[in-house]
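Protein chains: 2
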Amino acid sequence: MTPKIIPNVSVDCVVFGYDAKTKSLNVLLIQRQLKDKETNELLVNDYVLTGYHVYENERLDETATRILKELTGLDNLYKKQFKSFGNPNRLLNEKDIIWAKSENFNLRTITVAYYFLLQTYEVNLKDNKHNAKWFPIKNLPELGFDHLEIINQAYEDLKSKATYKPIVFELLPDKFTINDLQDLYQSILEIEIDNRNFRRKLINKKYIIPLDEKQVGVTNKPARLYMFSKDIYEKMFQKNYLINI
Amino acid sequence: MTPKIIPNVSVDCVVFGYDAKTKSLNVLLIQRQLKDKETNELLVNDYVLTGYHVYENERLDETATRILKELTGLDNLYKKQFKSFGNPNRLLNEKDIIWAKSENFNLRTITVAYYFLLQTYEVNLKDNKHNAKWFPIKNLPELGFDHLEIINQAYEDLKSKATYKPIVFELLPDKFTINDLQDLYQSILEIEIDNRNFRRKLINKKYIIPLDEKQVGVTNKPARLYMFSKDIYEKMFQKNYLINI
DNA sequence: AACTATAAACGTCATTATGACGCTAACTAA
DNA sequence: TTAGTTAGCGTCATAATGACGTTTATAGTT
Chain A
1 MTPKIIPNVS VDCVVFGYDA KTKSLNVLLI QRQLKDKETN ELLVNDYVLT GYHVYENERL
61 DETATRILKE LTGLDNLYKK QFKSFGNPNR LLNEKDIIWA KSENFNLRTI TVAYYFLLQT
121 YEVNLKDNKH NAKWFPIKNL PELGFDHLEI INQAYEDLKS KATYKPIVFE LLPDKFTIND
181 LQDLYQSILE IEIDNRNFRR KLINKKYIIP LDEKQVGVTN KPARLYMFSK DIYEKMFQKN
241 YLINI
Chain B
1 MTPKIIPNVS VDCVVFGYDA KTKSLNVLLI QRQLKDKETN ELLVNDYVLT GYHVYENERL
61 DETATRILKE LTGLDNLYKK QFKSFGNPNR LLNEKDIIWA KSENFNLRTI TVAYYFLLQT
121 YEVNLKDNKH NAKWFPIKNL PELGFDHLEI INQAYEDLKS KATYKPIVFE LLPDKFTIND
181 LQDLYQSILE IEIDNRNFRR KLINKKYIIP LDEKQVGVTN KPARLYMFSK DIYEKMFQKN
241 YLINI
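Residue numbers (the working numbering), protein chains in the order written: chain A, 1 to 245; chain B, 1 to 245.
These are computed hints drawn from the structure, not numbers from a lab. Bear in mind the structure is a predicted one, so any value in this text is a computation, not a measurement. Take the hints with a grain of salt, since some may be wrong.
Copies of the same chain look alike in the list, so a pair counts if it works inside one copy or between any two.
[To be verified] No more than 30 Å apart at the CA atoms, straight line, and that leaves these computed lysine-lysine pairs for DSSO-like:
1) K230 with K95
2) K201 with K165
3) K69 with K35
4) K138 with K235
5) K4 with K21
6) K221 with K175
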C-alpha cells in the first residue's frame, strides 16, 4: 500500500551530470508521452524533470532523495533545495492540460525544486523505466510544464555557487587533474581561463592535495592527480568570512 | 469576500531590520497569545514570524509581498525566497498543537520562507494590530512553531550572501558613511574588521560613490557620505565570474 | 581662546595574489 | 627520430591585502 500524499505539493529534481570526457554539463530528463487511445496519435511528446508528491510522513529532503534513488539507484549525492515554484499558471500550457486530465492531477501545485550533482557515468541508463536521457545544458529538448524555467534557475544557482563554494568537486571523480578542474569551470561558467594562472592558483590551495599518482593510458604527458580535502577546507573557513563584494 | 486559499501551503516572512544607531540587526516578530476561555490562563504566549496561506490565484512572491505590506505598510523591499520547510513534525510542539486546535489549521503544512531587508526606522510600530516587535538576532524571545529554525537559516543565508553580493546596502540609508558600512558588516558577520584596511578597500570600488556631503550634528569630525551604485556594479559583473574558492 | 575627547581619514611597508605572457617537459604514435 | 599533444614551470609588472602609525576636523569643556 502506497503512503498517502500531500495534495498541492511536489518535489522536482534537476540532476546535473558532468561528463569529463566530452567536457559537457548535462541534465537528466525523462520522457513524457501520451497517445490518443483511438487514433494512436502522439498528443504529448516531450521531456520533463523527475518529480513526485510528498508523502504524508516524509520530510522534503527525503522526498527528493527517494525520487533520485528511484531514478538513478544512487544515494548520498550532493543535494540542494534551491527554490520553490508556485505560479498559478506554471502548468497551464496546452500539453500540460492534456496531460493533467489523463493523469488526474492538480494543476495548482507548488513544487519544491532540488538539484543534484554527479558524474554522468555514475548513472546506468540501461533498462530505466522512465526513458531517462542526458541532455547538454546548452542543448535541451522541448520541455513540459515550467521545467525549462526550473532548470535555468538551478543552473544560475549552480553557476553562482561554483564561484564561491567548492561544489565543483561533486561533479568530478575523487582524483582529478588540474586541467579536468579547469575544463569543468569553463563548462559551467562558459568562460575561458588562462591555464597557467589557474594552475598556479589552485595548486597553492592547501585543500587541493597533490597525489603521487599520474594519469595512465593517455597519449601525451600524463598529468598529476589531485584530491580535494573537504576537512582542510572547512577548518580554514569555519570562522573566516572574506568580504568579497 | 476573501479569496480561496491553497491548503497545506503557507509563506513565512523573516523581516531583518538594521538599526544603524545601536548597530543591531533585528528581526520583526509578532505575538502569539491564546487564553483559556474559562480560567483566562495564558495557554500560549510567545512570538512567531508573520505568515499566511497562499491564495488560489496568487504567485508565491505576491503572497510574501502581501504579507509584508499588511504587516509594515511597505512595498518594494529587498526580498528573497531562501528555503521551504516541510518536516512532518515542524509544528508539533505542545503549544503549536493547542494553537492549531483553536485556529483550526492543518499541522502538516509546507511553508515557503522569504526574508526581507530594511532599516528598523522604516517601520512604524505604533498601532500595529499584530503586536509586532523588533528583537535583536542575538537575543530572540521564545518562538513558536519551527520559527527559530527558519530564522537561523535565513540568517545563515544572509551572512553568506553578504560576503559575495552587495546586499548590505538594503539595510542602510541611501547615503551612508564608510564606518556605517563597516559597523553593519561587523554586526551581520560577527567579526572585527580593521577600519583602515576596510576603508581603503571600499573607497577603491567604482560603485561606491563619494558625495560632496558630510554628516551633520555629530560631535566629532563629520564623515563623508557615500552612495552605492547598483548600475555600475551590475555593469562591472554582468559577464565576469570571479572564481573565489 | 585654548584644550580635550572622539571618530574620520590619510599614510607606510612588507607580503601575497593576479593577469599576461614565454618556454620547457613528457608522453605516444608514426 | 620526429611530430603532435598536453602538462607544467617560470617571469614580470601591477594590484590587493594585512598590520600598523599618524594626522585632522568637529563639538563640548575649561
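Hints the structure violates: just list their numbers, smallest first.
1 and 5
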